[in-house]
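Modelling step: build the complete structure from the supplied sequences, incorporating the hints.
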Amino acid sequence: MAQLNVNIGALQMASPVMTASGTFGYGLEFADFIDFRTLGGIIVKGTTLHPRQGNPYPRMAETAQGMLNCVGLQNPGVEHFCHDTYPLIKDLPTNVLVNVSGSSPEDYAECARHINALEQIPAIELNISCPNVKDGGMAFGVTCEGAASVVRAVRQAYDKTLIVKLSPNVTSITDIAKAVEAEGADAVSLINTLMGTSIDIERRVRRLSIGTGGLSGPCVKPVALRMVYQVARAVQIPVVGLGGISSAEDAIEFLMAGATAIEVGTANFLDPSTSQKIAEGIDEWLDRHGVQDVHEIIGCVE
Amino acid sequence: MKHILDLRVVTVEHPRADYVLLKLTNPAGPMPAMEPGQFVEVRVDGSATTFLRRPISINHADEQELWLLVHCVGNGTRQLAQLQEGDTLNCLLPLGHGYTMTTGETRHYLLIGGGVGTAPLLYLGRRLQALGHKVSFILGGRSAVDVLQVELFEQLGQVYITTNDGTLGEQGFVTQHSILSQEHFDQICTCGPKPMMQAVVRWAKANGVPCEVSLENMMACGLGACLCCVEQTVKGNVCVCKEGPVFDMNELNWE
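Protein chains in written order, with the working numbering: chain A, 1 to 302; chain B, 1 to 255.
Quick caveat, the hints were computed from the structure, so don't treat them as lab data. Predicted, not measured: the structure shown is a model, and the values here were computed from it. Check before you lean on any hint, since a few could be wrong.
Cut-off 27 Å, straight-line C-alpha distance, at most; resulting in silico cross-link-like pairs (DSSO-like, lysine-lysine) [claimed, not checked]: (1) Lys90/A x Lys235/B; (2) Lys242/B x Lys90/A; (3) Lys2/B x Lys90/A; (4) Lys2/B x Lys277/A; (5) Lys277/A x Lys242/B; (6) Lys134/B x Lys205/B.
Printed below as a string of structure tokens:
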């Protein structure tokens, strides 16, 4: 049994493995399949100040080794989360993080302020990278100024661990990472989905209701891994890696690239126990290779 | 309680060239209890273009066996038709909410299915019969070859058939069958193509008969996590996989 504990800012985790927002519901959906104690944390569904119905159906198109989605941040809003959902999940035996999204820096900050008051939510992940809503999300994540403005506003409203989730749909993800680091982010997580589309050639239409969607799954892993490698060398704060991680071996690649922790996303849809298997698989790999502490492999690749 | 199980394929039948009926057992113990209208997410191995699990309705389930009747319409479902006896099929089950089955007072249920949508109605009919209810069926298809398992349905109640080309039963749609104007039904349960179910709902509303429908929106996780399979309802967008797949007709925003 290797030492698996890692820290992200003040957030202490029993394992480097978390579940990615939007792929794990509020955790309870997976209760039949997971021993939460094996995970470092779960990041629950993207939450906004006001309720959102999301985009119309169809919201998903399968691709080779992946999928596109344009869910569009459907969620019942932060007040519903605080009053109705939080009491149900606050005592899960792992860190429960909330992914926060918005359409203006003030929105983000107000939403974060609500969650700051929840004692058993030790951290938030700020989503400045959703490709599926017109009025926010990625609009902030694609420029250094936009990203900085959201982090600056939220940092004033939120005093616990703040992770900022970055979009890969940019010219230089390292510049964005440095911009949010300068505004006081405790960590960055990357990557969110890559924007794509899919066409039904029989009907001659795009398959998704809004035309485009975010690509996720094993097909994006090499892109995500390259970006994690680059960002880990560009910033001083911890990097959380995600993008197509489906096995312990995938997760170890991200750790070696420089990620302090990783998130399991789309793989939860194929096997709801994947995140636990990955956490256990990392432990077994470290033991097999005589590694006492996971920190020995974090960023070990030149 | 939901499970992920490696089930064993014990029988493979091909009732038609593009259909496969898989009969599965659970080597690890008794088959978990499942309700009619719930579904199974099966992992498709060996198809390069199939990434996600495929949701399949429950054709029959008891402590020994689970039957999945699959219409092979794409690469994923065609791969399932390649399974051989003795193979393993990884299944996530049981998922979603099924049809409402009342207990106590005996009622006359009418189960209306079209195409592969008749599959879950066999299991529903068996369970309703076991509860002492009277069950009748209207099975629809484009042609005679589209109407499957008729002999099994006939063991459970009266079977009425419609085909678009008139090669079996009455010619026309399920909602045009003459029995609808001759008998009284207390409850309708339907599963099939959406236009057919919408026609059934129109008939049910016009005639004041309660009706439940089973939707098959494209889905990824099957657990209510990905929010891909949503249907617009009176409660807003809800996941078909978790809140459904069976809905009361009055919950849906159908005219």
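Consistency of the hints with the structure:
At most 27 Å may separate the alpha-carbon atoms for a hinted pair to count; Lys90/A and Lys235/B meet this at roughly 26 Å. Restraint check for Lys242/B and Lys90/A: satisfied, since their Cα atoms lie roughly 22 Å apart, inside the 27 Å limit. Distance hint between Lys2/B and Lys90/A is fulfilled; the C-alpha atoms sit about 22 Å from each other, no more than 27 Å. The suggested pairing of Lys2/B with Lys277/A holds, with an alpha-carbon distance near 18 Å, which does not exceed 27 Å.
Under the criterion of a C-alpha separation no larger than 27 Å, the hint pairing Lys277/A with Lys242/B is consistent with the structure, at around 24 Å. Simply put, Lys134/B and Lys205/B have alpha-carbon atoms about 21 Å apart, close enough for the 27 Å limit, and the pair holds.
In summary, this structure violates none of the numbered hints.
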